[in-house]
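Let the sequences and hints guide you as you build the complete structure.
2 protein chains.
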Amino acid sequence: MSILRGNAIVAQSGGPTAVINASACGVIQEAMKHKAIGKVFAAHNGILGVLEDTIFDLGAEDRRAIEGLKVSPASALGSCRHKLKRKEDFERILEVFKKHNIRYFFYIGGNDSMDTADKVNNLAAETGWEMVAMGVPKTIDNDLAETDHCPGYGSVIKYLATMTMEAGRDTEAMYTTDTVNIIEAMGRNAGWIAAGTALAKRNEEDAPHMILLPETPFDNDRFLSGVQEWIKRIGRCVVVVSEGVKNPDKSYLSEMKGAFGRDSFGHAQLGGAAQFLQSAVEAQIGVKARFAMPSTIQRTGIHFASLTDSREAYLAGCTAVRLALKGENGKMVTLIRADTKRYRCITGTAPLAAVANGEKPFPREWIGSDGFSVTDDFIAYALPLIQGEVKPRMKNGLPEFVRFKKNYV
Amino acid sequence: MSILRGNAIVAQSGGPTAVINASACGVIQEAMKHKAIGKVFAAHNGILGVLEDTIFDLGAEDRRAIEGLKVSPASALGSCRHKLKRKEDFERILEVFKKHNIRYFFYIGGNDSMDTADKVNNLAAETGWEMVAMGVPKTIDNDLAETDHCPGYGSVIKYLATMTMEAGRDTEAMYTTDTVNIIEAMGRNAGWIAAGTALAKRNEEDAPHMILLPETPFDNDRFLSGVQEWIKRIGRCVVVVSEGVKNPDKSYLSEMKGAFGRDSFGHAQLGGAAQFLQSAVEAQIGVKARFAMPSTIQRTGIHFASLTDSREAYLAGCTAVRLALKGENGKMVTLIRADTKRYRCITGTAPLAAVANGEKPFPREWIGSDGFSVTDDFIAYALPLIQGEVKPRMKNGLPEFVRFKKNYV
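Those protein sequence lines, which keep their order, are chains F and U.
One gets my numbering by counting positions in the first sequence from 1 and adding 322 to each.
One gets my numbering by counting positions in the second sequence from 1 and adding 322 to each.
Hints in this document: simulated from the structure, not taken from any laboratory.
Glycine included, C-beta positions come from ideal geometry on N, C-alpha and C.
A couple of the hints might just be wrong.
Stated by the list, open to error - Covered stretches of chain U, going by a simulated chain F footprint (3 or more residues, C-beta under 8 Å):
| id | stretch |
| --- | --- |
| 1 | 327 to 338 |
| 2 | 481 to 488 |
| 3 | 493 to 502 |
As C-alpha cells, then:
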C-alpha cells in the first residue's frame, strides 16, 4: 500500500463543547508529525468554510496557540449547523479540496457531520479524487451510536453536576423562602446530560432530588406530588429537567415557537422547560420556585472540565490521523471501555454511515423505578468520565483562551 | 473595661454567596480561641432560628467540618429573608438570647441584616441585657454603604466573567446560526455584577460586547442599533443584562408578576430581562438569539471562587470577633482599600445603622459614554478582587461540601 500524499484539512461542526478543541489539537499536532501530510489546513466554520473556501493554514499559527487548544473551550476553528443538500454543494467541496490538494479530511462533530463526511468521501471515490475522510466524535448529548461515550459529555456533566451541587446548597440555605429550584439541562431528546447530574447526589439530602428525562413522558400530577413529597421530607426540592422532556402527546413541555424554532437540520430548538415547571410549582403547590437556565454556559465550562474527557478528546483526534495514515478510510474513531477492573478507555472505529444513521438513546433500564432517578449502573458508567480537572491558563484572575490569526490561503 | 463573658451566636442572612461560609468560619474559629466566650452557637436559618429557638452548638461539630466552611458555598448555617417588624419579635429574640446566655451576636448579611442586628442591640441596651452585636458584610450585589467592597462580590464577578468568556467563545464559534447571546446577571438595582463581566473583555472581539446596567434607562432603539453595529463589525454580539434594568418609566424590563413577585421585604423579584431582550432581537433584527439565566448558580460558584474574596470574607469574620472582645459594639466590619500602590485590603468599622440605611450605587462616572460599557477606573477597582482561585475539596471528580450535624441546644 502506498501512502497517500497531500494536504490535510480539519473542521469542527455543530454545537461546541469544552473539549472539541482538544480533539482539534490532537488532529493538528499528530498531522504535523507525518511527512505524507504536507500542509495542515483548517476550514473556518466547518463545512461552510470549505464551501466558501475560507481556509487557513495552521502551519502559520503559533505552536503555543495550537497547544492552547487543549485549554480553550468552544470551536476555535469556527463551527456551523449547515446541512449540505444539493449535489452541487458536494461537488463544490471536492472542487475546493482539489484546489488545495486536500487528501485528508478530518471532521469533528456529531452524526450530521459524520453524514456529511461520508457523502463527501463517497462522491470523491465515485469521481476518482483519492482522499481519506475520518470522523472524530463530539457531542455533549452523548447520543452517538457505536461509541461507549462521546468526548464533551464527561465535561458537561461534571460541570452541570457541580452547578447542581452549588445551587442545591443555595436552596438548602434559602428553603424558607425559595423552596424549589429547577435547573434546565441540555441534551435534546436524550436524557444523558440531565441524568449525569445524579452524580451530585451523595445522600438523600443532596440535590438533585428529582430528574426529569425526555425518555419518561411528563405527568403533571406525578411531578407535583413528587415535589410535594420532597418538601414534606426535607423542606425543599431541587429538580433537574431536560430541555427535551415531552408531554404524553409527544409535544415538548415548552416548545419555542416562531421563525427561529427550528435549526437548519429541522430539529426543534428547545427552551423553557424549567420556566414552565417553575410556574406549575408556584401555581399548583403554592411555594416559591426559582429556575436556572445555564444554556450554552454548561457546554463550554473549560475552567472545570473533566481531564479524562479532555484527554480522550485529544486521543480521538490523534487516533483519527494515525489510522488515516495506516489506510483506514470512511470511519469515525470510537471510544471503547476496555474490559478491565479499573476504567480504561481504548479506541476503535465504526463506519461513518453507521454513526450517521444511528443513535444511542439513554437506556430505559438505567431509569429508576420512580421515573425521577437513575440507577447505580448509570452512576458506574458515568463516574469515570468526570475524573480530574483541566487547568486553564490564567491571566489576571481569569482564564486565557487562544484565538487563531487565520491566514487564509 | 471588664470583658463581657458569655456565649456567642453566629447567623447568616439573605441570599447566599460563594464565601459567606468563609466569614462564618472566621467568626467561629476566632470565637473559639477566646476564653471570654463560652459556647459558640449557630442560629439555624438566620434570625428565624433565634425566633424559633432552633440553635445548635458549633462546639459539637467536627473541626474539619468547620474548616471546610472555607470551601463550601451558600449558607451552611441556613439563611432566611425574614424582616422583624413587631416589637414582640425583638423581645422574643432577647428572651432566647437570655435563655442561652448569649452575649455576643455576630450577624453576617446585608443592610437588612445590619438593621435587624442594630435594633436587637438597641433593645438590649434599653432593657439592660448586656450584649455586643457585630455585623459582617455579605452581598454579591456589592451595594453596601461604608465598605470599599463586599465579600461575595469578587467571587460572583470572577465566575460570571468566566461564564461570559466561555459562552462568548461559543457564540464566536456558532455565529452563523446563533448570532446573539444574552446573559442575565443578578444584582438587583445596582449594576455592580453586570459591570464586573467587563473583566472578561481583553480586546474588541471578546465578549461581553454590550453591558446593560440598571443605572442606564433602557432605550430599545439604542440597544438594537448597538447590537446591529456589533453584528456588522464582528458578526455577532454577546450582551450581559442586569436583572434590574428599567424602562424610562422606572418599570423593570421584565417584571415577574403574581403571588411571588415580591419577597418579604417588599423587594420586587426580578427575572426575565434576558429573555425579553432575546425576543426583541429575534423579532426586530431578525437573527437568532440565545439567552442564559445562571440565576443562583452564579452566586454559589465556590469551584472557581476568588481566593482574594474568600480570604477577605474570612478576615471580616475574624475581625468582628476580635473587635467585639476589644469593646466595639453596634458596628459592621468594613473593608478598606489601603492607600498603597499594590492592592492591600485592611479592615475598619461603621455603625450598623449607617450601613442599614445607606447604599452604594454603581458610580455614574464609571459608565462608558456609550452607556453600554464601563471605564478603566472600574476595571482598576474590580481586578484585584478576583485574583486567585479557591480550591474545593474534591471527591470522585466533584467538590465535597460540609453539612453540620446540628445538635440543637
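To see whether the hints hold, each was checked on the structure:
no., hint, in the structure
1, 327 to 338, "holds (count 3)"
2, 481 to 488, "holds (count 5)"
3, 493 to 502, "holds (count 7)"
This entry satisfies every hint, going by the numbered hints stated previously.
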